[in-house]
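Undergrad: With the sequences and hints as input, model every part of the structure.
Numbering (the working numbering), first residue to last: 306 to 742.
Since the hints were made in silico from the structure, they are not lab data. Backbone N, C-alpha and C fix where the C-beta goes; we use that ideal spot for every residue, glycine too. Hints may contain errors.
[Said to hold, decoys possible] Simulated restraints on C-beta separations:
| no. | residue 1 | residue 2 | range |
| --- | --- | --- | --- |
| 1 | Glu370 | Thr395 | 13 to 21 Å |
| 2 | Leu378 | Asp573 | 38 to 46 Å |
| 3 | Gln502 | Pro358 | 48 to 56 Å |
| 4 | Asn661 | Val385 | 54 to 62 Å |
| 5 | Pro519 | Arg736 | 34 to 42 Å |
| 6 | Glu383 | Glu480 | 43 to 51 Å |
| 7 | Pro565 | Val385 | 52 to 60 Å |
| 8 | Glu383 | Phe668 | 39 to 47 Å |
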Amino acid sequence: AQYTRGVLLVQVCCQRARHWRGESMSACCWCCAVPVLVLALAAGALQYFLQQPIYAEAAVRKLVEVGGLPQDLWNHIEVVDDSAWYDIITKLNLGIAEGYMHGKIKMDPLPFFFTLLNGTAVGTRRKDSDSVLNYIVPLLNLPTDLAGYMTNQQTRERSTRVTKEHYDAGNDLYEVMLGPSMSYTCAYWKGAENLDQAQTNKFNLIFRKLESSPGMKVADLGMGWGTAAKYMHENGQLDVTGVSLSEQQVKWATEHLSAPGLRFIWSDYRDHCEDPQYMGTYDRIYSIGMLEHVGYKNFEPFFACVKKLLKPDGLAVIHTIGEPDFVPASDPFLDKYIFPGAVIPALSTVMPKVENLFIVEDFQNFGYDYAKTLAAWSDNSKVFFKQNPNAYTPEFQRMWEYYLRMCEALFELRVNQLWHFVLSPRPAARRRIDRQL
306 AQYTRGVLLV QVCCQRARHW RGESMSACCW CCAVPVLVLA LAAGALQYFL QQPIYAEAAV
366 RKLVEVGGLP QDLWNHIEVV DDSAWYDIIT KLNLGIAEGY MHGKIKMDPL PFFFTLLNGT
426 AVGTRRKDSD SVLNYIVPLL NLPTDLAGYM TNQQTRERST RVTKEHYDAG NDLYEVMLGP
486 SMSYTCAYWK GAENLDQAQT NKFNLIFRKL ESSPGMKVAD LGMGWGTAAK YMHENGQLDV
546 TGVSLSEQQV KWATEHLSAP GLRFIWSDYR DHCEDPQYMG TYDRIYSIGM LEHVGYKNFE
606 PFFACVKKLL KPDGLAVIHT IGEPDFVPAS DPFLDKYIFP GAVIPALSTV MPKVENLFIV
666 EDFQNFGYDY AKTLAAWSDN SKVFFKQNPN AYTPEFQRMW EYYLRMCEAL FELRVNQLWH
726 FVLSPRPAAR RRIDRQL
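TA: And the structure:
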């Protein structure tokens with residue numbers, strides 16, 4: 306099969322060369338035939354050998370060894386179906402996740418990820434290590450990364466994937482997992498004793514950073530289930546408009562929270578920006594956990610949108626997960642099963658799109674708080690699944706545990722961050738803000 310693909314590749318290339326450059330180029334093109342076919346045969350042979358469990362297992366164990374990963378890793382994972390070895394060596398984290406989901410692997414995800422990520426080239430030392438994993442992991446993730454480089458994963462059409470597949474999946478699980486706050490973003494645990502207090506702290510922190518006055522018009526871009534908008538409305542006497550692409554979130558918020566001066570709109574943020582009735586009408590704008598779904602190719606129009614909606618003396622607060630290193634696409638497991646098309650922002654991609662439009666009045670990082678938030682969500686999810694064992698399949702339940710525990714480890718070890726930006730439009734309309742912590 307690999308040989309046939311190689312032959313077809315050479316034929317297509319040479320046909321195009323003949324069409325574009327003439328017979329001489331076509332003849333020269335065939336000089337590349339031998340290397341291409343050799344590579345195709347080598348790839349086919351490698352695939353054949355790796356499909357034999359004994360060789361796939363040996364390859365995985367050798368990769369762990371030469372990659373400098375702790376041997377303690379094997380204390381937290383057990384392969385019970387030998388076909389999983391091929392998935393692990395060819396799909397890495399996605400292969401492990403799917404093996405766990407489908408019962409081919411037994412594991413305790415949290416200690417597994419702590420061991421995998423702490424002090425290793427795939428975790429906390431990925432930028433100061435010359436491990437072989439720095440070459441192998443990008444190679445195996447190349448298809449996903451190429452898609453991130455070559456296409457816009459967050460166009461109007463593609464942006465609906467995450468809302469339909471994740472946020473519109475059903476509110477029953479979310480209502481138990483998230484608790485009364487219904488807030489699906491990092492809580493702020495300063496002085497808090499439980500999840501609900503910490504989420505209220507987060508709402509209050511953003512409210513204080515907005516420096517609002519009663520009667521101001523405020524936009525919540527992303528809005529979640531609308532509970533942050535309700536907090537702003539009730540505590541600041543603000544006129545708040547929530548905007549979300551999730552039909553189910555808007556429906557839930559409208560049914561549970563709507564009030565005079567508090568409304569929720571089912572719309573793409575880009576359409577909201579282009580509606581003349583909203584341009585330049587908002588005194589304050591905030592966005593909680595939405596920038597991850599905007600995509601780095603759309604940061605410039607997103608921040609231009611925020612400025613277009615704001616009054617000249619307005620303020621904006623952006624709450625987002627942060628990635629210390631630029632990545633063009635999400636982890637393949639998260640992209641396939643959890644947040645399709647989402648990409649965690651890096652400062653190197655955000656700041657060039659901000660600096661010409663806004664003054665960065667303040668920046669805060671409290672990423673460690675997300676580990677505690679995810680731990681609470683995981684505990685609450687276990688309660689839900691125990692009380693409702695047939696609500697979701699066992700595969701979904703294991704997938705959900707894997708997702709929450711993996712992310713908990715990433716934030717616990719400070720691989721991922723949580724950022725707050727406070728922005729005022731250029732040119733400056735204020736001398737300063739009062740910094741809030």
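Undergrad: Next, verify each hint and record whether it holds.
TA: Going down the list of hints, with the structure as the test:
In this structure the hint that Glu370 and Thr395 lie 13 to 21 Å apart at CB holds, the actual value being about 18 Å. Look at Leu378 against Asp573: about 43 Å separates their beta carbons, and that is inside 38 to 46 Å. Taking 48 to 56 Å as the suggested C-beta distance range, the pair Gln502 and Pro358 conforms, at roughly 50 Å. Take Asn661 and Val385: their Cβ atoms lie about 55 Å apart, and the range 54 to 62 Å holds.
Between Pro519 and Arg736, the C-beta spacing of about 23 Å breaks the proposed range 34 to 42 Å. In this structure the supplied range 43 to 51 Å is violated for Glu383 paired with Glu480, their Cβ-Cβ distance being about 34 Å. A hinted range of 52 to 60 Å holds for the C-beta pair Pro565 and Val385, which are about 58 Å apart. A hinted range of 39 to 47 Å holds for the C-beta pair Glu383 and Phe668, which are about 44 Å apart.
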